[in-house]
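Chemist: Protein chains in written order, with the numbering used here: chain A, 24 to 319; chain B, 3 to 253.
Don't read these hints as lab results, they were simulated from the structure. All C-beta atoms, glycine included, are put in the ideal place defined by N, C-alpha and C. Any given hint could turn out to be false.
To be verified - Covered by chain A, according to a simulated footprint, are these stretches of chain B (three or more residues, beta-carbon under 8 Å):
1) 60–70
2) 83–91
3) 124–133
4) 163–174
5) 186–200
6) 218–230
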Amino acid sequence: MADKRATIDEALDRLEPGMTIGIGGWGSRRKPMAIVRALLNSSLHDLTIVSYGGPDVGLLANSGKATKVVAGFVTLDSIALDPLWRQVRQRGGVDLTEVDEGLFYLGLQAAAWRVPFLPARAGLGSDVLERNPHMKTVVNPYNDGPYAEPEDAGSVFVAMPALRLDAAFVHANAADTAGNATFTGPDPFFDELFLGAAELRVVTAEQVVPEGTLDSVGPLAKATVHRLLTDLVIETPNGAHFTSCAPDYDRDEAFQKAYVTAAGDPELWQAFVERYLSGDEAKYQAALAQDREGSK
Amino acid sequence: MTEPTRAEVCIAALAEVWRDAGEIMASPFGSIPMIASRLAKRTFSPDLVLTDGEAAIIVGAPPINTRPEDLVREAAVPYRTIFSVVWSGRRHIVMQASQIDRFGNQNLSAIGPSKQPKVQLIGVRGAPGNSVNHKTSYWVPDHSTRTFVEAVDTVCGVGYDRAAAAGSGATRFHELPLVVSNLGVFDFSGPNHSMALVSVHPGVTVDEVVTATGFELHVDDVVETPWPTDDQLAIIAELDPKGAREREIRT
């Protein structure tokens, strides 16, 4: 079988300015942060980020890499609000398409199933519709006949459009060289839908194992990404840091707090970027190792 | 009877949203709603389904500060499966509101214009879908004319007027049973499903509530919010030994 192993640089070389990029995980949980850091240091621009938003969204939007965001929320979980996201929104620096998080799920599912939309009640009456004039509704076509439900006769539903992605990046606990991957933590989130919705499908993982050996990492039922969903596999140990990657590691709460503190002060932020976000992934991980050494 | 704190009055009032609820999921946002859901489960609604806030249904109604490793879990509910719960209607959520208006429209997304908000909040989250699919109640710990407003800046949770305007798809399962604030208890029994004052918490006057509300509140037959019973207070103390409830409320 094809060996899908690649480097971060090789994956980013396949991206172009203006692309729509899906990022897996949820809030400050199992985000492909090694990729987010690489995007920050790339020459890419005018990106649209589609995400159950965590620090990925604040970092990419505030840095100017992303000019558009599709999301239902942005949060750091243990810290409710991300200061970088607040800043860029409050200066009007990003175009936000805000959707209900269930509609978001349907949008990814529609793209993965190659249908133009999926219907829902979610969004009716809310500003999700008012503020997204391109989002349409659909009238229930089952008003008589055996499939009719009298109480829904004539009702209007939201037609959530497919959220088609040029590329998607998700972070797994482990992947094999053929492109299968497993989420051994409690929640796979929506990651395989991100992959299903995308043209270029990239899985980063804590470890990459020989093909056909994922059952040695955890129960096969957790290996919900199969190689039909994957183009590239990249080994990025500690690659979700500082978000959580259960059961391999929890969120680095001290680091996240330091990120939030730094983000609130231009001088501190410059120093933070200099130390953690201005080099490649090896430099980032080396800085973390140095931090751990210093705190001993 | 022991004199309860305001937080404890609010907990007992919020627990009522799940009275006789049967086997549905209770999704509380905030310490006080979380204690309330567990109080309901320990007393009059034993079949309530509670989660660990992550990806599992938990057994029983343990204290809210129970460490994750000490929780007993009965089933997995990863995020994606939650929408099967929400859209099937088998849930009653208590959300918070940065703003709420006369007809129960709620905002937790942003204060000010949407293109450049004055204050960016967390986002619409699942509020649009929640509010048109199952019972949705609200907890507002800081009742003022800034939170109880004439019109919310972003409609996230859908109120009665907006649901009606959107048609039967929105109204079929739309129901906002209760709003509890640090000052009183409210429902939507006013004219055209507008907000009505049901009860004021002990020590609060009707005038205080009216003054702290930025829209015309329907006021008729107002009673005092009942004190929690001694049994309820004992359970509340056990559910929240560290007193998180007292830190959530601003009086």
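Chemist: All the hints need checking, so say for each whether the structure fits it.
Modeler: Verification of the supplied hints:
1. 60–70: violated (count 0)
2. 83–91: holds (count 3)
3. 124–133: Since 9 is at least three, the answer is holds.
4. 163–174: holds (count 9)
5. 186–200: violated (count 0)
6. 218–230: violated (count 0)
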